[in-house]
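Using my numbering, you'd call the opening residue of the sequence shown number 1 and step up by one each time.
Hint data in this document are derived by calculation from the structure and do not stem from the laboratory.
Any given hint might turn out to be false.
Here are the simulated distance ranges between beta carbons [what the hints assert, rightly or not]: (1) Gly-206 <-> Gly-179: 21 to 27 angstroms; (2) Gln-347 <-> Thr-503: 28 to 34 angstroms; (3) Asn-290 <-> Pro-380: 36 to 42 angstroms.
Backbone N, C-alpha and C define an ideal beta-carbon position, used for all residues, glycine too.
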Amino acid sequence: MKMKKNIRAQLAGLVILGLTAQAGQAALVDMAEYQDWDAVEASISTEDVNAVQPDGMTALFWATYYDETDVVRLLLNAGANPNIENRYGMTPLIQAAMNGNSDMISMLLDAGADANATTPEGDNALLNASKTGAAEGVQALIDAGANVNSLDGYLFQTPLMWAASANQADVVRILIDNGANINMRSPALELRGVRQGAVSGDFPNGGLTALHHAARENAIDATRVLIAEGADLNVLDPHDISPLRFAIINANIDLAKVLVEAGANMNDGALVDLIDVETKELTFVRSEKNYENQTSPMELIELMLSMGVEIDAYPEQAYPFPATGFRGGAGTANRTALFNLAMEDNQDLIAMFLEHGANPNSLNMDGKYFPLSAALGVVPVRGGNMMMEDGEEAETEISESVQLLLDNGADVNAIAGDGTSVLHQAVSTGNETVVEFLIAEGADLSIKDNSNRTALDVANGVSPVSDGSEPRRGPPGSEPAELPVYEEIATLLTEAMNAQGITIEEYVAPVTEESGEA
Numbered sequence: 001m002k003m004k005k006n007i008r009a010q011l012a013g014l015v016i017l018g019l020t021a022q023a024g025q026a027a028l029v030d031m032a033e034y035q036d037w038d039a040v041e042a043s044i045s046t047e048d049v050n051a052v053q054p055d056g057m058t059a060l061f062w063a064t065y066y067d068e069t070d071v072v073r074l075l076l077n078a079g080a081n082p083n084i085e086n087r088y089g090m091t092p093l094i095q096a097a098m099n100g101n102s103d104m105i106s107m108l109l110d111a112g113a114d115a116n117a118t119t120p121e122g123d124n125a126l127l128n129a130s131k132t133g134a135a136e137g138v139q140a141l142i143d144a145g146a147n148v149n150s151l152d153g154y155l156f157q158t159p160l161m162w163a164a165s166a167n168q169a170d171v172v173r174i175l176i177d178n179g180a181n182i183n184m185r186s187p188a189l190e191l192r193g194v195r196q197g198a199v200s201g202d203f204p205n206g207g208l209t210a211l212h213h214a215a216r217e218n219a220i221d222a223t224r225v226l227i228a229e230g231a232d233l234n235v236l237d238p239h240d241i242s243p244l245r246f247a248i249i250n251a252n253i254d255l256a257k258v259l260v261e262a263g264a265n266m267n268d269g270a271l272v273d274l275i276d277v278e279t280k281e282l283t284f285v286r287s288e289k290n291y292e293n294q295t296s297p298m299e300l301i302e303l304m305l306s307m308g309v310e311i312d313a314y315p316e317q318a319y320p321f322p323a324t325g326f327r328g329g330a331g332t333a334n335r336t337a338l339f340n341l342a343m344e345d346n347q348d349l350i351a352m353f354l355e356h357g358a359n360p361n362s363l364n365m366d367g368k369y370f371p372l373s374a375a376l377g378v379v380p381v382r383g384g385n386m387m388m389e390d391g392e393e394a395e396t397e398i399s400e401s402v403q404l405l406l407d408n409g410a411d412v413n414a415i416a417g418d419g420t421s422v423l424h425q426a427v428s429t430g431n432e433t434v435v436e437f438l439i440a441e442g443a444d445l446s447i448k449d450n451s452n453r454t455a456l457d458v459a460n461g462v463s464p465v466s467d468g469s470e471p472r473r474g475p476p477g478s479e480p481a482e483l484p485v486y487e488e489i490a491t492l493l494t495e496a497m498n499a500q501g502i503t504i505e506e507y508v509a510p511v512t513e514e515s516g517e518a
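Kindly produce the complete structure, drawing on both the sequences and the hints.
What follows is the structure, encoded as structure tokens:
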């Protein structure tokens with residue numbers, strides 16, 4: 001029994017001795033963790049400078065973390081290993097780069113730190129030094145063999161992209177001077193089945209150049225360097241969006257002006273994006289900028305007009321709706337600036353654009369609607385249509401924008417791609433006020449659309465005939481959706497046609513591949 005007690009005592013003593021030894025080994029790193037730098041300096045000659053805590057932290061790492069340059073120098077001179085990683089795969093060099101401390105970066109490199117060490121996430125010292133603007137540290141890393149075109153492990157971006165996003169102009173210049181690919185894109189990734197804001201679906205991600213990143217982040221100084229070094233101003237992302245549109249969509253008007261003055265293509269829909277920024281409100285999902293543009297959207301509009309922008313050019317690709325943060329969506333595709341202004345009833349800008357030669361009869365939304373359609377409020381809106389519900393009151397006043405368009409050449413009988421006139425479109429919404437107005441303005445009541453329908457046929461609920469060019473709603477063989485009948489409008493049109501001597505014919509559907517013989 002006594003022997004067992006002695007054994008226990010001996011074992012306990014060994015444990016205590018072991019703990020004491022471990023505590024002694026860890027003393028220096030503990031001092032560094034608690035920032036007792038005087039104690040570190042006093043103990044450095046008697047303690048293990050490479051002692052490691054359970055999470056892999058060393059005294060050198062703690063000194064680096066706290067940005068203590070003098071202590072780092074002291075530890076390195078005492079033999080501290082600059083390449084010991086903590087459990088997260090971080091090295092002191094990467095930490096120094098995150099701090100933006102060029103002196104510390106050079107010091108660690110001189111002590112043998114691996115310039116290309118990466119974290120499990122794929123970050124390295126050069127990426128982080130580029131982001132934090134440690135220009136001399138960036139040069140030191142490159143001189144030590146860091147890969148100037150290395151990619152991070154998350155979005156596969158280069159140091160140049162990180163520097164451009166953070167507006168580190170000096171670093172941007174150093175990287176380019178040392179061989180960074182100025183027009184390199186990050187890989188385009190396809191995010192499938194994800195939800196962005198209010199929209200679910202498949203979204204491409206990435207595929208941006210450094211200039212795209214700078215334009216998105218309002219990095220004006222970096223943008224100027226990229227331009228001076230020959231960056232492609234008109235390179236497109238996977239959505240076919242240029243850096244200029246990136247800047248405008250994100251309301252970075254000063255930067256957009258820099259790109260315009262440098263010769264960026266203005267005719268890819270940038271003017272439409274700019275109109276949206278000028279007229280639309282921010283949604284709750286987008287925060288206000290923490291800076292004020294020195295250039296207003298209106299001033300940039302005037303500059304682009306003075307530089308000869310094609311006033312009816314429109315974006316063929318819209319930027320994904322939730323990415324804009326604008327109510328109604330900035331960057332609407334297949335719509336001219338005049339059309340969007342008519343949608344917004346912006347009479348001052350409508351007059352300005354008409355004065356500069358905007359076409360009041362331009363076709364929009366895949367060739368289906370005119371600016372006059374928009375001004376009259378007979379254009380389907382996102383996520384629905386303009387049909388009047390039972391008991392719903394239609395607008396009873398005609399906007400002055402309508403008269404502006406008519407006075408400047410808008411054709412009340414212009415024909416859209418599907419053969420409809422503005423009268424067809426107005427009837428399909430059930431808006432009697434607009435129908436009466438168009439009749440008074442001389443709308444041709446005999447025009448038939450591609451489905452052989454007059455406006456009266458539309459009022460009587462005759463559905464359009466599918467020509468097979470558009471996807472059918474519902475299963476194969478299903479009937480088209482039944483349209484409402486607007487009896488009062490039908491009566492109004494019948495009386496007008498009789499008064500004008502227009503023969504009212506029984507509706508006959510056209511022959512199509514789907515319908516066979518009529």
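Here's how the hints hold up against the structure:
no.: 1; hint: Gly-206 <-> Gly-179: 21 to 27 angstroms; result: holds, 22 angstroms
no.: 2; hint: Gln-347 <-> Thr-503: 28 to 34 angstroms; result: violated, 40 angstroms
no.: 3; hint: Asn-290 <-> Pro-380: 36 to 42 angstroms; result: holds, 37 angstroms
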